[in-house]
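Protein chains in written order, with our numbering: chain A, 42 to 678; chain B, 9 to 370.
Note that these hints are calculated values from the structure, not bench results.
A virtual CB, placed ideally from N, CA and C, is assigned to each residue, including glycine.
Hints may be right or wrong, so weigh each one.
Here are the in silico distance ranges between beta carbons for each label pair [to be verified]:
{"id": "1", "chain 1": "B", "residue 1": "PRO226", "chain 2": "A", "residue 2": "LEU66", "range": "37 to 45 Å"}
{"id": "2", "chain 1": "A", "residue 1": "LEU66", "chain 2": "B", "residue 2": "GLY198", "range": "18 to 26 Å"}
{"id": "3", "chain 1": "B", "residue 1": "VAL45", "chain 2": "A", "residue 2": "LYS156", "range": "16 to 24 Å"}
{"id": "4", "chain 1": "A", "residue 1": "LYS156", "chain 2": "B", "residue 2": "ARG106", "range": "20 to 28 Å"}
{"id": "5", "chain 1": "A", "residue 1": "GLY428", "chain 2": "B", "residue 2": "PHE246", "range": "34 to 42 Å"}
{"id": "6", "chain 1": "B", "residue 1": "GLN48", "chain 2": "A", "residue 2": "HIS194", "range": "44 to 52 Å"}
{"id": "7", "chain 1": "B", "residue 1": "SER74", "chain 2": "A", "residue 2": "LYS156", "range": "52 to 60 Å"}
{"id": "8", "chain 1": "B", "residue 1": "GLY228", "chain 2": "A", "residue 2": "GLU172", "range": "44 to 52 Å"}
{"id": "9", "chain 1": "A", "residue 1": "HIS74", "chain 2": "B", "residue 2": "ILE99", "range": "39 to 47 Å"}
{"id": "10", "chain 1": "A", "residue 1": "HIS74", "chain 2": "B", "residue 2": "GLY228", "range": "57 to 65 Å"}
{"id": "11", "chain 1": "B", "residue 1": "ARG14", "chain 2": "A", "residue 2": "LEU66", "range": "24 to 32 Å"}
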Amino acid sequence: MRSFIDMQSKKRLRAAFLCFLICLLLVIGKLFHVQIIKHEWLKEKAEENWDIEIPFGAMRGNITDRSGKLIVGNKLAPTLYFMPAQNPDISSDIPAIAKILKMPPETLEEKLNKKTYMVKLAPEGKNITKEQGDEITKLQVAGLYVGVDFVRHYPYDDLLARLIGFTGYDGDGLAGIEYAYDEILNGTGDKVRLFTDAKGIALPHVEDSFEHGKDGLNLELTIDLKMHQIVERELIQAMEKYDATQALAIIMNPKTGELLSLASVPGFDPREYQSADSTIYNRNLPVWMTYEPGSTFKILTLAASLEEDVIDLENENFYDPGYKVVANARLRCWKREGHKDQTFLEVVENSCNPGFITMGQRLGSERLDRYIREFGFGSSTESGIAGESKGILFSKEAFGPVEQATTSFGQGISVTPIQQVQAVAAAINGGKLYKPYIVKSIKDSEGKTLKEFEPELKRQVISEETSAKVRHALESVVANGSGRNAFADGLRIGGKTGTAQKVENGRYKDGDYIVSFIGFAPADDPELLVYLAIDSPKNSIQFGGVIAAPIVGRIIEEIAPIANIERRKEQLEKEYRWGDAITFRSPDLLGMNEKELLSQNYTFKVKWHGKGKKVIRQLPAPHTLMTVEDTIHLYTE
Amino acid sequence: MRTLERTYRIIFLTTALLLSLIGLVFVQSAGSYWGEVHYQDSSPFIVKQGIYMVISLAVAYVLVKSPLTSHPKFWTYCYIASTLMLVAVLIPGVGAVRNGSQSWIALGPISLQPAEFVKVALLGKLASGMKKHKEKSWQWQHFAWILLPATLIMLQPDLGSAVIMIVSAFVILFLAGYPLSFFIFLFVSGLGAFIALILAAPYRLDRIKSYVDPWNDPLGTGFQSIQSLFAIAPGGLFGHGFGNSRQKFLYLPEPQNDFIFSIIAEEIGFIGAASIVLLFILLFASAFGIAIRLNNWNSFLIVTGMVSMITFQTFLNMGVVSGLLPVTGVTLPFISYGGSSLLTTWLAVGTILHYSANKRAG
Chain A
42 MRSFIDMQSK KRLRAAFLCF LICLLLVIGK LFHVQIIKHE WLKEKAEENW
92 DIEIPFGAMR GNITDRSGKL IVGNKLAPTL YFMPAQNPDI SSDIPAIAKI
142 LKMPPETLEE KLNKKTYMVK LAPEGKNITK EQGDEITKLQ VAGLYVGVDF
192 VRHYPYDDLL ARLIGFTGYD GDGLAGIEYA YDEILNGTGD KVRLFTDAKG
242 IALPHVEDSF EHGKDGLNLE LTIDLKMHQI VERELIQAME KYDATQALAI
292 IMNPKTGELL SLASVPGFDP REYQSADSTI YNRNLPVWMT YEPGSTFKIL
342 TLAASLEEDV IDLENENFYD PGYKVVANAR LRCWKREGHK DQTFLEVVEN
392 SCNPGFITMG QRLGSERLDR YIREFGFGSS TESGIAGESK GILFSKEAFG
442 PVEQATTSFG QGISVTPIQQ VQAVAAAING GKLYKPYIVK SIKDSEGKTL
492 KEFEPELKRQ VISEETSAKV RHALESVVAN GSGRNAFADG LRIGGKTGTA
542 QKVENGRYKD GDYIVSFIGF APADDPELLV YLAIDSPKNS IQFGGVIAAP
592 IVGRIIEEIA PIANIERRKE QLEKEYRWGD AITFRSPDLL GMNEKELLSQ
642 NYTFKVKWHG KGKKVIRQLP APHTLMTVED TIHLYTE
Chain B
9 MRTLERTYRI IFLTTALLLS LIGLVFVQSA GSYWGEVHYQ DSSPFIVKQG
59 IYMVISLAVA YVLVKSPLTS HPKFWTYCYI ASTLMLVAVL IPGVGAVRNG
109 SQSWIALGPI SLQPAEFVKV ALLGKLASGM KKHKEKSWQW QHFAWILLPA
159 TLIMLQPDLG SAVIMIVSAF VILFLAGYPL SFFIFLFVSG LGAFIALILA
209 APYRLDRIKS YVDPWNDPLG TGFQSIQSLF AIAPGGLFGH GFGNSRQKFL
259 YLPEPQNDFI FSIIAEEIGF IGAASIVLLF ILLFASAFGI AIRLNNWNSF
309 LIVTGMVSMI TFQTFLNMGV VSGLLPVTGV TLPFISYGGS SLLTTWLAVG
359 TILHYSANKR AG
């Protein structure tokens, strides 16, 4: 066809056509870029833009004891949400709402009139009671939502508080087990996703979507609530009786490392943690506190010496003049006049310091240090409990003869209660060092076990035979020696007292002692290991064997039936016959001051008279026959 | 060859009708919620758009059939009338301000946007009076005709309409044989004008900034870009399905209007949106196919001028919506809600059909 249009215009038309084509193809390219390539990134951003969610409080996992008894659960405590766009005339309902929430109407009005999509009515409307929530629901206020929310519920109030810890305002674990296992306990709450327009008005004909959250997982602890209740009761009583600053106790199954009780007093109310002292809720004493263990540590010196065969308990004698000179330092026995001639078994019974120094010397610094570390001192037990300390041992360079000597009887080093329990458990259970653990299993909300924690053997420290000797020696400490106040008939309790002076800023602190006792039962096959320590007992000044030992004895007597321990027919009999009063000769305390007296391991009660420091007279006089029930009266200037 | 031309005409008309119907459907989907919220007391957008469509088709039909359309004087009267309307818009009391621009004349229940009509009138006037002889194509009055309405439109201000009008008018000048050096000069001076315009009105600089990075000021200048992307991107390949847009719920302002293509891309996805772009390509390709076969110089220029206007406006709208171009308020031909816009588009369609049917020897 002969075209009317000239070539130049045709060319230009094609050029224009091409330009437009390219332009529109560019649009397709850009659409591809936005819709396909940037799809995910922009979609996420868009969803953030759309999402108006009413978060429902998550169901945090329960914490139960070993038998499933609830220690911490959840209680319904609704939280209020308000969407201002859905109700522009809220004013008329404000007085009624304010009344239910017990807040000033003006404050409420101010909060509800915020220019946002959604107002979370906090703190007044956060975690209100179920009854308040019901009343609000009855008001039928448009745009006001009563969201499901929970608060922690403590059926036993402050029991175990310092172990369990607490959750904060938003339900996150802030201390203790709640903190350490927060990820496991944490649930993701349900969500109601509201379909609204840009102003927050609910869209017609669109169902709000409900998103199910995930409940938190439940923690089953190794704790035995019944045993723990007994322990906490005893600790609280002791605190009152002796006006102590704090006290702690651990019960462990020495065969597995399971912690049956882990107690610290004073406790606090986890619901009111804001008003509690942070030194209370941040310090779970059995794992946090470090101090000189004192004589309880001698068990480990004994175990090492027996394992290395450097002493013979029954056939070897040791003479204690009341002191021992080590590298020009005169280290004294707690009994000033000394224990004189005794077997090594009696050294243990008497808790004779020079005897233990000798054991340490025979082991030598290298072996002593090795055993101490193998028994788990100087490093965390890795119990998984929040806030565990490592303690302090002498470094190899600083481990001179004097340090070695004091370490042998438990001075100059710093350890945690749980380290002591871990170590003594190994010493008496056949030599196996088990990792202490507190969580028995993790279960889902339906009760299905997701993870079961098994005893974890760290290493064999001493042999079964050595361990048997240690058990025997410690049983005789209770039957015949410084631990006699812990004796319970038929339970074959073994144990060791400890008294340690507190150290502050590298110096011994005058008048502040930690008295302790570690006991186990039955000695032929230990199933329970109980450690108890009382910090700074006052009122009547007494000794570890007097304060701590009888409490541990009572605790073991009470918890033995729970652990199904049968009373034995055969046991190491107490030196006296059943029903007889224990008699002994009163020691010579003349010229002693309070500090000297306290660092000793006597098992009798004393009462001070007068304002002076040194004893100038004592009643009954030294070497008088007296019973364990009697009190020695000390008179000062 | 007659059959091929016929085929092009059929493709052109069918595409235009199809796009209008798609527009009608999406005006309903995109605008129903906005309408419910903002215009509770008036009839739904789809009813009004339906009425506009009937009017537009009727007027287009008259344009196709009326011998007046062929007459150059007709276009001169149209040009004078619409330019006078542009003046009227600027008179307080007559012109109404919407979205910061004084672009509307309200006559009782009807409101008109003269800037829309003046585009068609100018192109008609320009193309129908263009001489065939190349050496005489250069005429100073061409620029006067273009610049008068362009200036009036910029006083409103309505940059989008002005740009569309100028670009499509220059396509006519280009095809009419204006020297290339002129267009090169134009390009350079246009760049200068662009910078001058930006310097004159700082809000345009903000628009450029938010074009480069809309997240810079997501609640201010970048707001529309971002909200448009929030519609388009989640649509993905297949879209949320018809009627399932999320952004139309007041997130994207006036979703039935300038940003209707965002909602389309959101609801029918990349596949659907790209198909609509292809329909527009089909539309202008068929019109160019018609134009190149015409044996009348002025018809050739009118057809290409009109279709260039539609196509460039399409590109401008989609470019803005998809983030390719900085935000400028222009409607999407055939599809966006609005009587003036739809009528103008169909005036162009009617004119194209008229000139492609009534080939005069000349």
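Is 57 to 65 Å a correct range for the gap between the Cβ atoms of A:HIS74 and B:GLY228?
violated, 24 Å
B:ILE99 and A:HIS74 - C-beta distance against the hinted 39 to 47 Å:
holds, 45 Å
C-beta pair B:GLY228, A:GLU172: status relative to the range 44 to 52 Å that was hinted
For B:GLY228 and A:GLU172 the Cβ distance comes to about 47 Å; the hint holds.
Does the Cβ-Cβ separation between B:VAL45 and A:LYS156 fall within 16 to 24 Å?
Distance hint for B:VAL45, A:LYS156 holds at roughly 18 Å.
Does 52 to 60 Å hold as the CB distance between B:SER74 and A:LYS156, or does it fail?
Because 57 Å falls inside the window, the suggested range holds.
Whether the CB-CB distance between B:PRO226 and A:LEU66 falls inside 37 to 45 Å
Because 29 Å falls outside the window, the suggested range is violated.
Within 44 to 52 Å or not, the Cβ separation of B:GLN48 and A:HIS194?
holds, 50 Å
Range hint 18 to 26 Å (beta carbons of A:LEU66 and B:GLY198) holds or violated
holds, 23 Å
Status of the given 34 to 42 Å range, CB of B:PHE246 versus CB of A:GLY428:
This hint is violated: roughly 55 Å between Cβ atoms.
That 24 to 32 Å hint for B:ARG14 and A:LEU66 (C-beta), does it hold up?
At 28 Å between Cβs, range holds.
Could you see if the CB distance from A:LYS156 to B:ARG106 stays within 20 to 28 Å?
Because 26 Å falls inside the window, the suggested range holds.
Checked against the numbered hints listed earlier, the structure breaks hints 1, 5, 10; every other hint is satisfied.
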